[in-house]
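J.: The chain contents come next:
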Amino acid sequence: MGDRYPGYDVLSKRHSPSWNDQTRRVIDQRLAIDPDAHRFLNELEWRTLKAICSRIIPQPTARERPAPLAAMIDERLVKGASDGYRNASLPPLREAWRRGIAALEAEAQTRHGRGFAELEGAAQDGLLTAAQRGLAAHPAWDGMPPDLFFADRLLFDIVSAYYAHPHAWNEIGFGGPADPRGYVRLAFDRRDPWEAAEARSGNEASARRENAHVGRR
Amino acid sequence: MAQYADSEAVDFAIVGTGAGGGTLACKLAEYGFSVVGFDAGPYWRPLEDFASDERHQSKLYWTDERVVDGEDPLQLGSNNSGRSVGGSTVHFAMVSLRFRPEWFKSRSLLGYGADWPVDWREMWGYYREVERALCVSGPVTYPWGPHRPAYPYREHELNAPARAMAQGCEALGLKWTPTPIATLSAPRGQAHPCVYRGMCVIGCSTNAKQSVLTTWLPRALEAGAEIRDLAMVSRIEHDDAGRITGVHYHRDGQWRFQRARNVVVAGYAIETPRLLLNSASSRFPDGLANSSGLVGKNLMVQSNQAVWGFMKQDVRPYKGPPSLALTEHWNYADDGKDFFGGYCFMSQGVLPTTLANVHAKRGLWGQPLVEAMQRYNHTVGVKLVGECMPQEGNRVTLADERDAFGLPVARVTYSYGDNDKRMITHALASMREVMAAAGAGELWDETNDTAHMNGTARMGEDPAASVVNADCRAWDIPNLWVCDGSVFPTVGGVNPSLTIQAIACRTADRIKALAARGEL
Numbered sequence: 020m021g022d023r024y025p026g027y028d029v030l031s032k033r034h035s036p037s038w039n040d041q042t043r044r045v046i047d048q049r050l051a052i053d054p055d056a057h058r059f060l061n062e063l064e065w066r067t068l069k070a071i072c073s074r075i076i077p078q079p080t081a082r083e084r085p086a087p088l089a090a091m092i093d094e095r096l097v098k099g100a101s102d103g104y105r106n107a108s109l110p111p112l113r114e115a116w117r118r119g120i121a122a123l124e125a126e127a128q129t130r131h132g133r134g135f136a137e138l139e140g141a142a143q144d145g146l147l148t149a150a151q152r153g154l155a156a157h158p159a160w161d162g163m164p165p166d167l168f169f170a171d172r173l174l175f176d177i178v179s180a181y182y183a184h185p186h187a188w189n190e191i192g193f194g195g196p197a198d199p200r201g202y203v204r205l206a207f208d209r210r211d212p213w214e215a216a217e218a219r220s221g222n223e224a225s226a227r228r229e230n231a232h233v234g235r236r
Numbered sequence: 264m265a266q267y268a269d270s271e272a273v274d275f276a277i278v279g280t281g282a283g284g285g286t287l288a289c290k291l292a293e294y295g296f297s298v299v300g301f302d303a304g305p306y307w308r309p310l311e312d313f314a315s316d317e318r319h320q321s322k323l324y325w326t327d328e329r330v331v332d333g334e335d336p337l338q339l340g341s342n343n344s345g346r347s348v349g350g351s352t353v354h355f356a357m358v359s360l361r362f363r364p365e366w367f368k369s370r371s372l373l374g375y376g377a378d379w380p381v382d383w384r385e386m387w388g389y390y391r392e393v394e395r396a397l398c399v400s401g402p403v404t405y406p407w408g409p410h411r412p413a414y415p416y417r418e419h420e421l422n423a424p425a426r427a428m429a430q431g432c433e434a435l436g437l438k439w440t441p442t443p444i445a446t447l448s449a450p451r452g453q454a455h456p457c458v459y460r461g462m463c464v465i466g467c468s469t470n471a472k473q474s475v476l477t478t479w480l481p482r483a484l485e486a487g488a489e490i491r492d493l494a495m496v497s498r499i500e501h502d503d504a505g506r507i508t509g510v511h512y513h514r515d516g517q518w519r520f521q522r523a524r525n526v527v528v529a530g531y532a533i534e535t536p537r538l539l540l541n542s543a544s545s546r547f548p549d550g551l552a553n554s555s556g557l558v559g560k561n562l563m564v565q566s567n568q569a570v571w572g573f574m575k576q577d578v579r580p581y582k583g584p585p586s587l588a589l590t591e592h593w594n595y596a597d598d599g600k601d602f603f604g605g606y607c608f609m610s611q612g613v614l615p616t617t618l619a620n621v622h623a624k625r626g627l628w629g630q631p632l633v634e635a636m637q638r639y640n641h642t643v644g645v646k647l648v649g650e651c652m653p654q655e656g657n658r659v660t661l662a663d664e665r666d667a668f669g670l671p672v673a674r675v676t677y678s679y680g681d682n683d684k685r686m687i688t689h690a691l692a693s694m695r696e697v698m699a700a701a702g703a704g705e706l707w708d709e710t711n712d713t714a715h716m717n718g719t720a721r722m723g724e725d726p727a728a729s730v731v732n733a734d735c736r737a738w739d740i741p742n743l744w745v746c747d748g749s750v751f752p753t754v755g756g757v758n759p760s761l762t763i764q765a766i767a768c769r770t771a772d773r774i775k776a777l778a779a780r781g782e783l
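Here the protein sequences line up with chains A and B, keeping their order.
Reminder that position 207 of the first sequence reads as 226 in my numbering, one-by-one numbering, no gaps.
Reminder that position 7 of the second sequence reads as 270 in my numbering, one-by-one numbering, no gaps.
Watch out, some of these pointers could steer you wrong.
Stated by the list, open to error - Below, computed lysine-lysine pairings styled on DSSO-like, alpha-carbon distance capped at 30 Å:
id	chain 1	residue 1	chain 2	residue 2
1	B	Lys684	B	Lys438
2	B	Lys322	A	Lys98
3	A	Lys98	B	Lys368
What the hints assert, rightly or not - Anything over 10 Å on all C-beta distances counts as not near chain A; from chain B, calculated:
id	residue
4	Ser371
5	Thr404
6	Pro415
7	Glu420
8	Gly436
9	Thr440
10	Ala454
11	Leu493
12	Ala504
13	Lys600
14	Ala623
15	Gly629
16	Pro671
17	Ser678
18	Lys684
19	Leu777
Unchecked claim - Here are some chain A residues pointing at chain B (derived, C-beta under 10 Å):
id	residue
20	Tyr24
21	Ser37
22	Trp38
23	Asn39
24	Asp40
25	Gln78
26	Arg105
27	Leu112
28	Gln151
29	Gly195
30	Pro199
31	Ala206
32	Glu214
FYI, nobody ran anything at the bench for these hints, they're computed from the structure.
Fair warning: this is a prediction, and the values are worked out from it, not measured in the lab.
For every residue, glycine included, the Cβ atom is placed at its ideal position computed from N, Cα and C.
Kindly generate the complete structure, drawing on both the sequences and the hints.
T.: As structure tokens, this is what we get:
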């Protein structure tokens with residue numbers, strides 16, 4: 020699929036009335052995350068997590084600095100913060116990730132004789148699908164239901180990280196931060212000049228032109 | 264702001280400053296009582312403290328650990344649990360609806376649940392008081408129920424998801440209305456009208472939202488109440504005669520004790536029973552106010568399933584308050600149902616990580632997820648608020664795990680009953696019809712979401728079958744009160760915040776009357 024919002028960069032609105040100081044600080048911190056930083060996970064866990072993230076959210080290869088999903092997860096694990104609830108069948112956040120990564124790595128070794136990160140994408144997807152369906156059965160899961168780990172922890176954390184990143188906002192045409200200025204045009208097919216323009220057949224060039232201006236409106 | 268010494272016995276120590284506690288703190292202070300409102304969360308200044316960002320704003324939620332189980336384990340945290348002065352109203356969606364009158368006597372009149380010990384006509388007056396206090400924006404004429412006056416502020420313009428739902432309802436001949444909603448459609452004081460930034464559920468940074476934080480609490484401070492933030496209450500203390508003497512709380516790194524003549528528990532349906540149970544003593548070994556055994560039981564959520572689809576048109580579901588169109592048809596129609604209770608549904612705006620997790624919950628990941636999300640701006644949905652039945656097996660208990668304060672965390676057990684499941688099936692079908700009639704395609708059901716929590720310290724007329732009386736006063740201990748969604752005997756098919764605030768206003772009036780008679 021081509022770029023739906025060609026040339027749209029939500030960060031070009033950084034100095035527009037759609038962003039305030041506190042939002043600039045928050046987004047700056049997110050963009051400053053070192054994609055190689057891992058203070059919680061060890062080297063093997065880190066390689067496995069990076070491989071998992073790239074299967075859950077395949078990012079365009081042309082992207083120079085992909086959203087650092089694994090680093091965002093590791094940062095969360097360092098903090099150890101809960102979501103405010105936990106299924107009784109799952110251990111707390113850190114233990115769940117440690118055990119889940121170890122179990123996927125063990126599944127890879129058992130079934131394919133290689134580490135998870137060394138496998139082809141299709142084989143990695145096979146292991147993830149088995150976990151999602153609750154069919155993974157390696158002793159390394161140690162009583163943690165693989166389907167629950169996959170849904171409540173792995174998928175939830177990675178998806179939440181990606182769609183909090185400006186790359187994702189550009190990809191889906193989200194207006195992004197909107198304070199103090201919100202929106203004026205609320206009806207179907209109405210777009211404020213500071214919102215992303217969508218390319219439809221034949222109008223790619225005009226969408227690109229509009230998107231070059233969203234930060235100047 | 265007034266400040267009281269720990270050693271000074273205040274008239275009321277209120278634990279929790281959300282829809283129940285914050286409203287009550289205001290009203291009691293205005294009636295001349297000395298009041299300290301405690302909250303575990305911070306006292307935010309939205310204009311300076313709130314960013315336009317879903318991930319950052321998780322600071323508004325109760326993210327201390329809780330354990331969930333049962334056949335349908337609840338999602339808590341961002342879904343329904345606030346940790347801020349102003350409580351969950353800081354991130355609520357502002358939908359401000361009155362109960363259907365019959366729901367206050369659902370056992371006698373409709374054959375299910377339990378009767379409330381209050382009369383709907385009295386509640387009608389308190390609803391009006393709250394709507395005026397919040398300057399609720401809504402239609403001139405409301406299509407359902409007994410007459411009510413025009414809402415204080417005019418209705419909001421409909422965003423695209425609301426227009427889609429309205430189109431669908433019109434096509435089917437189903438009545439709908441612009442949703443009565445507690446965000447400004449015209450200036451009020453220093454606050455300007457809503458700018459439709461669409462981030463209501465992560466905290467309004469312009470103060471157009473009429474939360475407890477921006478309405479009742481400024482009045483409370485003006486009237487001399489103290490709001491003590493970042494203060495986690497661990498235990499309610501009583502004397503040898505069984506009367507409450509005050510609360511133990513943690514603030515600024517140390518444990519302290521505030522003396523009080525009365526204590527009001529207003530921590531919402533999980534923290535309220537948790538505090539009552541954690542306050543067990545040799546005199547009250549099963550927890551405070553628990554001679555009925557009902558503290559923590561009859562937890563009721565509302566079913567919150569949705570039907571989503573895609574439209575050819577640009578919807579851009581991030582603009583405007585999320586729920587601008589509403590139908591209460593199935594709250595007021597009693598025929599054609601194979602279940603007890605009612606439900607409403609509303610148009611649904613949605614922010615990116617929330618929608619991405621809706622897709623994830625239906626099993627999408629990898630390229631299918633990325634492609635579904637690339638159609639974000641064409642995504643449209645309607646969402647249910649359905650009345651779940653009280654069941655004693657749905658409950659809050661104490662787990663073995665302890666939190667950072669050393670207190671046992673809550674274990675929250677929840678399973679839908681058969682009636683709940685029949686309602687959900689019915690609602691999904693009705694919502695699908697509306698979405699299809701609106702012109703949305705590729706529809707899918709979001710099958711496992713819930714909203715709101717009520718009922719773990721129910722009010723009633725019989726001390727053996729309820730925790731508090733109609734005045735929210737504990738049957739067992741005369742100077743202990745509960746004032747929040749916990750007191751609901753039934754939950755109705757509308758969002759509960761307006762009713763919680765109305766009950767708080769009524770409780771304040773009752774306390775004033777009791778005090779005048781020397782019966783406090």
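J.: Hints first: check each against the structure and report whether it holds.
T.: Structure-based check of each hint:
1. B/Lys684 <-> B/Lys438: 24 Å, holds
2. B/Lys322 <-> A/Lys98: Holds. B/Lys322 to A/Lys98 sits at ~13 Å (cutoff 30 Å).
3. A/Lys98 <-> B/Lys368: 48 Å, violated
4. Ser371: Answer for B/Ser371: holds, closest chain A Cβ roughly 36 Å.
5. Thr404: 23 Å, holds
6. Pro415: 22 Å, holds
7. Glu420: 6 Å, violated
8. Gly436: 22 Å, holds
9. Thr440: 17 Å, holds
10. Ala454: 13 Å, holds
11. Leu493: The claim holds: B/Leu493 sits with its nearest Cβ about 17 Å from chain A, beyond 10 Å.
12. Ala504: 38 Å, holds
13. Lys600: 32 Å, holds
14. Ala623: 5 Å, violated
15. Gly629: For B/Gly629, whose nearest Cβ neighbour in chain A is about 6 Å away, the distance does not exceed 10 Å, so it is violated.
16. Pro671: 14 Å, holds
17. Ser678: At about 13 Å from chain A, B/Ser678 clears the 10 Å cut-off, so the statement holds.
18. Lys684: Check passes; 21 Å lies beyond 10 Å.
19. Leu777: With a cut-off of 10 Å, B/Leu777 remains clear of chain A, as the shortest Cβ separation is near 37 Å.
20. Tyr24: 9 Å, holds
21. Ser37: Result: holds, 8 Å to nearest chain B Cβ.
22. Trp38: Holds: closest Cβ of chain B sits about 7 Å from A/Trp38, inside 10 Å.
23. Asn39: Result: holds, 7 Å to nearest chain B Cβ.
24. Asp40: Hint on A/Asp40: holds, closest Cβ of chain B at ~9 Å, below 10 Å.
25. Gln78: Holds - the Cβ of A/Gln78 comes within 10 Å of chain B, reaching about 8 Å at its closest.
26. Arg105: Result: holds, 6 Å to nearest chain B Cβ.
27. Leu112: Holds, because the Cβ-Cβ distance from A/Leu112 to chain B comes to roughly 9 Å (cut-off 10 Å).
28. Gln151: For A/Gln151, the interface hint holds, since the closest Cβ of chain B sits about 7 Å away, which is under 10 Å.
29. Gly195: OK, holds: A/Gly195 within 10 Å of chain B, min 7 Å.
30. Pro199: 7 Å, holds
31. Ala206: 6 Å, holds
32. Glu214: Where the cut-off is 10 Å and the nearest Cβ of chain B is about 7 Å from A/Glu214, the hint holds.
Checked against the numbered hints above, the structure breaks hints 3, 7, 14 and 15 and satisfies the rest.
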